[in-house]
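> Residues per chain, in single letters:
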Amino acid sequence: MTTRSPFLAAGLLILASQISSAQVPADLRAAARARNLAVAKADVATWDKLTTDSFTVVFPSGPLTKAQRLAEIKLGKPTENPPLQNERFQRVGNDFIHRYQIDHASFLEVWTKERGNWRVATVQATLLDPDSAAVQQAITAANARFVDAFKRGDAATLAANYTDDAVFMAPNMTAWEGHAAISQGFTGFVSQFGLVDARVATKDVILAGDYAIERGTYAWTLHPKTGTGADIVDSGKYLTVWERQADGSWKIVRDINNSDRPGAM
Amino acid sequence: MTRALASAAFLAVVISACHAHNVGGTSADSTAIVAAAAQYRQGWLNGDTAMALSVISDDVQLMLPGAPDVHGQAGARKVFVEEMTQYHIPALTVHRQELLLQGDHAIDLGTYEETMVPRKGATIYATGRYLVVWRREPGGWRMWRYMLNEFAPPAPTRATS
Numbered sequence: 001m002t003t004r005s006p007f008l009a010a011g012l013l014i015l016a017s018q019i020s021s022a023q024v025p026a027d028l029r030a031a032a033r034a035r036n037l038a039v040a041k042a043d044v045a046t047w048d049k050l051t052t053d054s055f056t057v058v059f060p061s062g063p064l065t066k067a068q069r070l071a072e073i074k075l076g077k078p079t080e081n082p083p084l085q086n087e088r089f090q091r092v093g094n095d096f097i098h099r100y101q102i103d104h105a106s107f108l109e110v111w112t113k114e115r116g117n118w119r120v121a122t123v124q125a126t127l128l129d130p131d132s133a134a135v136q137q138a139i140t141a142a143n144a145r146f147v148d149a150f151k152r153g154d155a156a157t158l159a160a161n162y163t164d165d166a167v168f169m170a171p172n173m174t175a176w177e178g179h180a181a182i183s184q185g186f187t188g189f190v191s192q193f194g195l196v197d198a199r200v201a202t203k204d205v206i207l208a209g210d211y212a213i214e215r216g217t218y219a220w221t222l223h224p225k226t227g228t229g230a231d232i233v234d235s236g237k238y239l240t241v242w243e244r245q246a247d248g249s250w251k252i253v254r255d256i257n258n259s260d261r262p263g264a265m
Numbered sequence: 001m002t003r004a005l006a007s008a009a010f011l012a013v014v015i016s017a018c019h020a021h022n023v024g025g026t027s028a029d030s031t032a033i034v035a036a037a038a039q040y041r042q043g044w045l046n047g048d049t050a051m052a053l054s055v056i057s058d059d060v061q062l063m064l065p066g067a068p069d070v071h072g073q074a075g076a077r078k079v080f081v082e083e084m085t086q087y088h089i090p091a092l093t094v095h096r097q098e099l100l101l102q103g104d105h106a107i108d109l110g111t112y113e114e115t116m117v118p119r120k121g122a123t124i125y126a127t128g129r130y131l132v133v134w135r136r137e138p139g140g141w142r143m144w145r146y147m148l149n150e151f152a153p154p155a156p157t158r159a160t161s
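Chains A and B are the protein sequences, given in the same order. Note that the working numbering numbers the first sequence so that position 159 is 159, with each residue one more than the last. Note that the working numbering numbers the second sequence so that position 78 is 78, with each residue one more than the last.
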């Protein structure tokens, strides 16, 4: 029991590499969502219905049978359903592998049809690189400093978030390449606009060697400092590549964004 | 700028001033990514949704100007079908500026130029830049994060002799 599940998962992964991805059945997606929600809400009846009788789960702390896991869920307190990150489905014969991350753990589920319904046969949970939590915290802190500096009109602090060879790419304007251009760009920008309100929300961060790839959204109001122009309200999204520095800190090396507003470019 | 422009305008194999950094990757990875990008481009030139989607991750996030994120193959398929129905893309050129490989991910950065011929109306010429994160998946390299932003349309130029 203790070793079969990992081997099963590993075997399925090998098979999966030979099979092209296929469209995921809607009822499978719905079942996966319902099962995650059942765990969050301590809804043992739904979880039981969506789990095979021979189910096993392997946590970092060790394996559990279905009965053992059910007992754990029963004892749990209902919580909010956490968002899944990097969710992927992959067909393997008649079954599907469902992979995703929650917080700092990675999950691999094997879904199979049993008695006409999609059910999970096995789950393997792995803790992510503990470094990723620290990186996310560092990025969150850096983003908070960025917004504060913007509100103060502190171009030097804004530019200090970027490496010497960084590239900042905003829509409809020449890219700012290198520290001097980025510094000059922010200096010009904060001389023209004040930041009235701003929200930056990280959606996910993935570590890739010495890079951390952050996806997020922003919403802000810019107030022109000169003239009589109206405030500019905007929201959009960004993709930022952070690079680990020699001292262990993180700085932005590539940064691109665009607006959600139609016609805003 | 419309979403149509943004979704269509994308990768090609024309590489101008491209430099690749293989950190934890190999030249075979670079070659595979360039080939996948070529397949994607050809899908758009052919109006072939399946070909374009074949290099898109199931977990893709399309971050196009003028619209919220689009997630997953199903979302991408909807966008691609809509755009390919509305527009013919006879020309699509990409100037890849860099391809940074880091293990199972690659950061692909550059600019694009495209011609879009709508079913009705004038031909559209668009330019912009892209940043794509490719991810190594069991079936090969797939586009996993895809963001575009656009340049303003050029001012009309006066003919000179």
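Because the hints were derived from the structure by calculation, they are not lab data. We put the beta carbon where it would ideally sit given N, CA and C, even for glycine. Check before you lean on any hint, since a few could be wrong.
[What the hints assert, rightly or not] A few chain A residues facing chain B, derived, Cβ under 7 angstroms: (1) 73; (2) 84; (3) 87; (4) 207; (5) 208; (6) 245; (7) 262.
[As the list claims (entries may be wrong)] Far from chain A by the CB rule (all over 12 angstroms, computed), these chain B residues: (8) 28; (9) 30; (10) 34; (11) 35; (12) 42; (13) 48; (14) 57; (15) 67; (16) 82; (17) 85; (18) 88; (19) 115; (20) 119; (21) 121; (22) 142.
> So, for every hint listed, does it hold in this structure?
Now the hints, each set against the structure:
no., hint, in the structure
1, 73, "27 angstroms, violated"
2, 84, "10 angstroms, violated"
3, 87, "6 angstroms, holds"
4, 207, "9 angstroms, violated"
5, 208, "4 angstroms, holds"
6, 245, "15 angstroms, violated"
7, 262, "4 angstroms, holds"
8, 28, "16 angstroms, holds"
9, 30, "15 angstroms, holds"
10, 34, "19 angstroms, holds"
11, 35, "16 angstroms, holds"
12, 42, "18 angstroms, holds"
13, 48, "16 angstroms, holds"
14, 57, "7 angstroms, violated"
15, 67, "6 angstroms, violated"
16, 82, "15 angstroms, holds"
17, 85, "19 angstroms, holds"
18, 88, "23 angstroms, holds"
19, 115, "18 angstroms, holds"
20, 119, "20 angstroms, holds"
21, 121, "16 angstroms, holds"
22, 142, "9 angstroms, violated"
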